[in-house]
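Can you build the whole structure from these sequences, using the hints too?
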Amino acid sequence: MIYLDNSATTKPDRSVLESYTKISTDFWANPSSMHQFGGEAGQLVERARSQAASILGVNTSEIIFTSGGTESNNIAIKGIAIQYANRGNHIITSKIEHPSVREPFEQLAENGFRVTYLPVDLDGRISVDDLKNAMTEETILVSVMHVNNEIGTIQPIEEIGAIINKYPKCFFHVDGIQGFGKVPLDLVKSKVDLYSLSAHKFYGLKGTGLLYVRDAIQVASLLAGGNQERRIRSGTVNVAGAVSVAKAMRVSMEKYNKYLSKMKEMHSFLYRELSEINGIVMNSPLAGCAPHIVNFSIPELNNEVFARTLEEKQIYVSTTSACSSKTRALSKVVSELGKGDKVAGSSVRLSLSFETTQEEIETALEVIRESIEKLSELKK
Amino acid sequence: MKRIYLDHAATTPMHPEVIETMSKLMGEIYGNPSSTHSFGREAKKLVDSTRRKIAAAIGAAPQEIVFTSGGTEGNNTAIFSAVRSMKDKGNHIITTQIEHHAVLNVCRQLEKQGFTVTYLPVDQNGFVSVEDVKNALKPETILVSIMYVNNEMGAIQPIQEIGEILADHQALFHVDGVQAFCKIPLNVEKLKVDFLSAASHKINGPKGVGFLYVKKGVPFFALQFGGDQERKRRAGTENTISIAGFGKAIEVYEKNLDLYTERNKNINQILREELEGIEHFINSPKEGAVPNILSVSFHDVCVQALLTNLDIVGLAVSSGSACSAGSHEPSHVLKAMFPDDEDRAQIVIRYSFGLGTTEEDARKAARKTIEIVKKL
Ligand SMILES: Cc1ncc(COP(=O)(O)O)c(C=O)c1O
Ligand SMILES: Cc1ncc(COP(=O)(O)O)c(C=O)c1O
Chain A
240 MIYLDNSATT KPDRSVLESY TKISTDFWAN PSSMHQFGGE AGQLVERARS QAASILGVNT
300 SEIIFTSGGT ESNNIAIKGI AIQYANRGNH IITSKIEHPS VREPFEQLAE NGFRVTYLPV
360 DLDGRISVDD LKNAMTEETI LVSVMHVNNE IGTIQPIEEI GAIINKYPKC FFHVDGIQGF
420 GKVPLDLVKS KVDLYSLSAH KFYGLKGTGL LYVRDAIQVA SLLAGGNQER RIRSGTVNVA
480 GAVSVAKAMR VSMEKYNKYL SKMKEMHSFL YRELSEINGI VMNSPLAGCA PHIVNFSIPE
540 LNNEVFARTL EEKQIYVSTT SACSSKTRAL SKVVSELGKG DKVAGSSVRL SLSFETTQEE
600 IETALEVIRE SIEKLSELKK
Chain B
5 MKRIYLDHAA TTPMHPEVIE TMSKLMGEIY GNPSSTHSFG REAKKLVDST RRKIAAAIGA
65 APQEIVFTSG GTEGNNTAIF SAVRSMKDKG NHIITTQIEH HAVLNVCRQL EKQGFTVTYL
125 PVDQNGFVSV EDVKNALKPE TILVSIMYVN NEMGAIQPIQ EIGEILADHQ ALFHVDGVQA
185 FCKIPLNVEK LKVDFLSAAS HKINGPKGVG FLYVKKGVPF FALQFGGDQE RKRRAGTENT
245 ISIAGFGKAI EVYEKNLDLY TERNKNINQI LREELEGIEH FINSPKEGAV PNILSVSFHD
305 VCVQALLTNL DIVGLAVSSG SACSAGSHEP SHVLKAMFPD DEDRAQIVIR YSFGLGTTEE
365 DARKAARKTI EIVKKL
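As they're listed, the protein sequences go chains A and B.
The number in the working numbering is simply the position in the first sequence, starting from 1, with 239 added.
The number in the working numbering is simply the position in the second sequence, starting from 1, with 4 added.
Every clue listed holds true.
Below are the DSS-like pairs computed for lysine-lysine, each with C-alpha atoms no more than 25 Å apart in a straight line:
#1 K28/B x K250/A
#2 K48/B x K552/A
#3 K91/B x K236/B
#4 K334/A x K236/B
Take a look, some chain A residues computed to stay more than 10 Å from chain B by CB distance:
#5 E377
#6 K497
#7 L604
#8 E609
Interface residues of chain B toward chain A, partial, derived using beta-carbon atoms under 7 Å:
#9 T15
#10 P17
#11 I23
#12 H105
Hints listed in this document are in silico derivations from the structure and should not be mistaken for laboratory results.
The C-beta atom is built at its ideal place from N, Cα and C for all residues, glycine as well.
So, in structure tokens, the structure goes:
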């Protein structure tokens, strides 16, 4: 069994599971409760908050625990737009964002905001000049993802931050969900104001995540209630979940330090070998790509059939992002690369974890070669 | 010193079977339910199995269940969705003075947006009057949101009668079922509700998961979007393992409901009897309340000191709901029950119990309370 769908979700690390289970067993109280049980649970949440903050190089008070990446993105985008609507009504994002960013923007557009969607080049990268030209005095929010979930392109976050920083009324949100633990990012240096994470993408559990919100910033909350989490996110705090997020971050950084160079080597190898196969068009950029994602298209073949052929050999990949797997259509992201519908309609993503081995990659390559040959034969 | 936890209305310990189920599944089933390959499919099975359990438990169809991150999200989603879908039909909302903040604060926010909200009073037993609901209804009423069981004193509201009244009115009916789900029989068809929210952590399940029932055919607007999950009603990768844990918690509750109810009644009775030793008021209604919550007011003590002292001797109770904790504001629920008796809302202790609570715990808790109240 070779699991190459780690961008959809990762296998949680054993220590994260242990930590979740231990906290659930021993410290299950409601951290808002005033008694000892509550106090102990609260202390654990605060410790997790401070660990998460220190890994991100930010202040403890700047971490808000959420139910995952989608919620973090929704809070950041709608929360800023609603809170600061009186400052301006222009917001900017890219054309290749995850639906959990794109759709909130679409909703804001329906509610009277003017949205600029920045295009991307053949590599899937926005142009910093485009951003410069789009910025106005009315712009209150720019949201650009760090690493694209389908093709792995890394955006120039630091340069983007520097531009936005010249507009004091404008906030900068980064969807860091695919980047964290794979591609370094200095939030402070890059002038990032809000940053979303989802733990199941880096050895944590589904339904847990966080949002970094710079201290000085207020965000309108989307959930009214008990005013937990700096009044930004009401609802009983998922104590074991929060602790497991911090644990997953630590585990993830340890693996990053140990195995990054190995992952990079495998990634280059995989990229090189794939690009030499007849019938494959590479979608991931050669340079400036996250080390865990390789995306290509098989324009003459059906990518769903291809994925099923691989699955028969117990190799698990994905055809579009998992979140939209149900709607069989062109990949929105690959479409934006401007390589035509055939390419956009036949993309395949392989995504690695730090546990992926060279052997697995070689086996997968072999099966990929065979399958393409076989399916091409059948077509003739 | 063995500590005693009598704050099950705030949150509950996870049932050992729930922990076992989750720990087992966690290492095995980790696919993304949206993935089409076998990892995804087996994860999706977990989610749908709990969905079916919930549906069966409340007399709904599986497609009517939307998983959420908890009670607050369920309440917010239901209310915002209802007013959005009905905004052309009126701007009047009816709720009660004793709702949880996850309803009250949404209503206050809606008032700022121009909606008119009627906050119905309750009687001294904590019950909303069906007559009051009838009288408050206007042609332009678009939503009625009333909790099934109050979290501070346990009164069960006449939801079925209210549902009857609303049956031939345009208003949508939302019920906060967070303290009711699994604790009392609950059938959405009988109750004629359009939305019902619940949370797993109140029934010995994990935190961070809950559900919202949305009646088939009722227009729905998601609060959180950006993915096709939950039939586009709640975007975000599903919290698969916690959902499976929630399913287990429901199963355990269903198997033991009679036993749990009997036990809680017994604990309730013991607390009442033991507290005879000191002057007090019982705020929970004698009839028509869930047995696992007992709210009591005392005379002439400082509630802050009382709680602190109880905590020192290892007794965990609360004065109001945990969510408004952080400060000991007088309980809005008790204020609604006794508008003319400010003290009564000030000095409230809520005992709430469940899994693991013993008769001995109840006796000790009452005795410790008496000791400390007398000392203070
Ligand atoms: C870039 C990106 N943003 C947001 C999300 C949403 O995260 P979640 O599904 O955990 O809410 C994902 C993954 O699904 C993602 O890859
Ligand atoms: C009646 C009631 N409604 C809503 C909630 C909110 O649920 P949660 O904290 O899980 O979001 C609670 C508990 O906190 C409650 O008791």
